[in-house]
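Put chains B and C with the ligands on the given structure of chain A with help from the hints.
If you read the protein sequences in the order shown, they are chains A, B and C.
Here the working numbering is used: the first residue of the first sequence is 1, the next is one more, and so on.
Here the working numbering is used: the first residue of the second sequence is 1001, the next is one more, and so on.
Here the working numbering is used: the first residue of the third sequence is 2001, the next is one more, and so on.
Be aware that a few hints might be false.
[Unchecked claim] With a straight-line cut-off of 25 angstroms between C-alpha atoms, the simulated SDA-like cross-links for lysine to any residue are:
#1 C:K2167 with A:V2
#2 A:K79 with B:D1058
#3 A:K79 with C:L2047
[To be verified] Cβ-to-Cβ under 7 angstroms is the rule here; a few derived chain A residues that face chain C:
#4 A81
#5 G83
#6 P141
#7 Q148
#8 W163
[Claimed, not checked] Here chain A is said to cover these stretches of chain C; the calculated rule only asks that three of the stretch's residues, wherever they fall, bring their Cβ under 8 angstroms from a Cβ of chain A:
#9 2006-2020
#10 2034-2043
#11 2233-2245
#12 2438-2450
#13 2505-2515
Quick caveat, the hints were computed from the structure, so don't treat them as lab data.
We put the CB at the ideal spot given by N, CA and C, even for glycine.
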Amino acid sequence: MVLWRREGFAEDAWAFLADDAEAPETGSIVVSLKRWLAEREALASRTGPVGVAVDAGADAQAHLPELANRPLVALAFAKFADGRSFSYARLLRDRHGFKGELRAVGEVLIDEIPLMLRCGFDSFDVTNAPTLAVLEAGRLPGPPIHYQPGSGGDEAPAGVRSWRTISAARQG
Amino acid sequence: MPDVITANRLADGVVVFQTADAGWSEDFNRAAVLPDAEATKAALARATEDVTRNLVVDAYAFAVETRNGHVAPKALREAIRAAGPTTRRDLGKQAEGHAPLSGPTAVKEADHVSL
Amino acid sequence: MYHYDDFDAAFVAARVEQFRDQVARRLSGELTEEQFRPHRLMNGLYLQLHSYMLRIAVPYGTLNSRQMRKLAEIARKYDRGYGHFTTRQNIQYNWPALKDTPDILAELSSVEMHAIQTSGNCIRNVTADHYAGVAHDEIADPRPYAEILRQWSSLHPEFSFLPRKFKIAVNGAAHDRAVIQAHDIGLQVVRNNEGEIGFTVYVGGGMGRTPFIGRKVREFLPERDLLAYIEAILRVYNLEGRRDNKFKARIKILMHEKTLETLRDEIETEFAARDAKALDLPPEDVARVAAFFAPPELEPKKPVSDRVERRKSKDSRFASFFASNVVAHKVPGYVVVTVSLKAIGAVPGDASADQMDAVADLAEDYSHDELRVSHEQNLILPHVALDDLPAVYDRLASVDLATANAGAVTDIIACPGLDYCTLATARSIPVAQRIAQRFGDGARARSIGPLKINISGCVNACGHHHVGQIGILGLERAGEETYQITLGGSADENAAIGQITGPGFSSENIVGAIDTIVETYMGLRRRDDETFIEAFRRVGLAPFKEALYERSAGSDI
Ligand code: HEM
Ligand code: SF4
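Chain A on its own, in the form it takes in the complex (with noise of 0.2 angstroms):
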């Protein structure tokens, strides 16, 4: 697994806990939706930073505004085709007001990276080969103009036509 953010390939501060796996009295973790709602007291108690991972099966709508400041959410693709994580995204950054990391977890796939972007997420759990390939290349595919808005903070509008927007620089 390796981690990319817009500016590039990035070192993971962040230890993904298993369920079952005693959290550290110390440094950055990332635990799943259940057990932080289950655990939520005794966890803040701890020193480091707590984010939560949440699996877009989990019926996790009605969740997200308590999740709204956390320092990192990670929204799992199951399956690359699994869209609902985009809509989670979108509803955390525009709705709840997050402004931590929006973390990409799964079937992270290129050609949706861009997608993604525009909904919010800023950091990517990247596993697949090809995947990893394009993103050394440094090239995002796609046009940089749109014809909504997006929620990834780096988009104008176009001017002309409400719905248009323009990327800035994409690309770091």
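Here is chains B and C with the ligands on its own, set in the frame of chain A:
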């Protein structure tokens, strides 16, 4: 039931049939007829290698039978795929002289006369 | 009609280059078929029975002559000299090579066309009334809204991986010619008491193996809220539509499982909670797009043409063409001409490259450079001066496109079926051809009056058989083609799903069965102008059932 292996060529989509030397032919009549399940399995394994090598896509086996002394696809779908559209005899393999030598009975239209 | 500006052109060009790169990566083996499939589908490229199949969008069915000539050129250069116009106002080529498809898309972009989102689990080509802008009963031209939706839905970051395909249709006239209630979202343009434009919104229509007629979720949606409301519908669907079973993944199933009331509440709640990013649709932007669709300036003329009347009186074929394929334009002295792609015995919806060129020439010479594709799989010349009609007719006749059967028993909608489609269980085209040959284009066909027959080659219902007044569904039983008949379907503002008559018919007997149904109708209609559907609504299924299964020796149970 004897089988034949088919696939589409990756670059142009043309329907091809596996030949006895594990190559591919556009002509159904040159396809290797696989007598039993074991032969089919081995041939499919070879075909899958060609899928992996990105020469063909969608390789699968289909049943054939002997009709009027010729090998012919059993199902109408495969008969049409091996010959071309029944509504356009000028298109597909039938237009290039590659149709199965014996078509399935179902392709023959009942004759209807306008009132 | 709409014209690309630099933004649109750059977008489509970038998309073509992205696909060129994906095809190159596929051909070099960098991408597997699994990884490539969603990309090719997002660009309208399928793998079909004989080869690849490329589906190109004709947004809301409007074309100019340059675009039609390009379609002809592509047919000649990259395909087998013809194309197939579909019920979704698309055109499909049946034989393109994968390696040529980036070039085909580049050629299309040169005439402002594309294949974006003609397949895949995304928002598909938005369809509209093919008489848009010329119909008498129009409240507003639906095409500006369809164009705005086309743009807004293109590569939508949130809605490109929906549970299943998503189809939107817009109708702007009182009479529904866009089958809006058979779509995931159907929009009917309306005016409220204050005279403001808005939409009645239907959700959850769809065909396939479980057909549903769309249900009303909003009586009046202000124009301004169009995009925000559709976003709300799509968000609810994206999050809650079933993803465990692709046969239950359409929004119609979500509505069925949740009930209309619950789904409506969820949509309204989502809409009410919209944030600053939700799109407002300002009237200036609508006006800017609408300006592209301004009708050509037509000088009103005498509503009756001596030239036409003279020709009618001495040429009975022309007279029947006039009666069936010509309707009045909203400007007096002009007509809307249906170019039938249903010559007796022809493949419904197919047009040769030469025919496409001929129709393009006619559009240029006589129809202000405009053409339409109808969901009935015909072409339309929307702005023909009445005086020019004889000339137009003669030129259509010279390329076998003047069959006088629009809306008649032989104007059959048929999907490609087993002759082309991998999913098919039976052939559709030969059945359509044989039915057309049985009824022909003589006095008998004319005496039958308007009648819509729809044929699909499998339960996916691409031929819309559920809403055909006579629907035919091709199935396979023990290796043989069998055809199930439904009666009483309707595709207009009184949309209804047809009722199954009973056991299916063999390929040999299906044409006879249709004949029996037609004869039964002719026998029981009250007047010559009581149409099939009116008669059916009056008498129901019983007399037809009896004729098919008890009296007819032709049926095989
Ligand atoms: C030849 C390749 C085609 C394939 C593989 C294909 C596939 C499908 C499938 C799987 C469905 C069912 C969708 C569902 O219920 O979720 C469907 C529906 C439909 N297709 Fe096709 N189709 C093809 C060609 C066509 C053509 C040629 C037309 C137009 C003549 C067409 C128009 C439609 C329409 C109108 C529906 C039903 C409306 C709906 O519920 O979406 N399709 N198609
Ligand atoms: S209805 Fe079935 S046979 Fe016809 S085009 Fe659609 S999928 Fe193919």
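These are the hints, each one checked on the structure:
no., hint, verdict
1, C:K2167 with A:V2, "37 angstroms, violated"
2, A:K79 with B:D1058, "22 angstroms, holds"
3, A:K79 with C:L2047, "22 angstroms, holds"
4, A81, "5 angstroms, holds"
5, G83, "3 angstroms, holds"
6, P141, "5 angstroms, holds"
7, Q148, "6 angstroms, holds"
8, W163, "5 angstroms, holds"
9, 2006-2020, "holds (count 6)"
10, 2034-2043, "holds (count 3)"
11, 2233-2245, "holds (count 4)"
12, 2438-2450, "violated (count 0)"
13, 2505-2515, "violated (count 0)"
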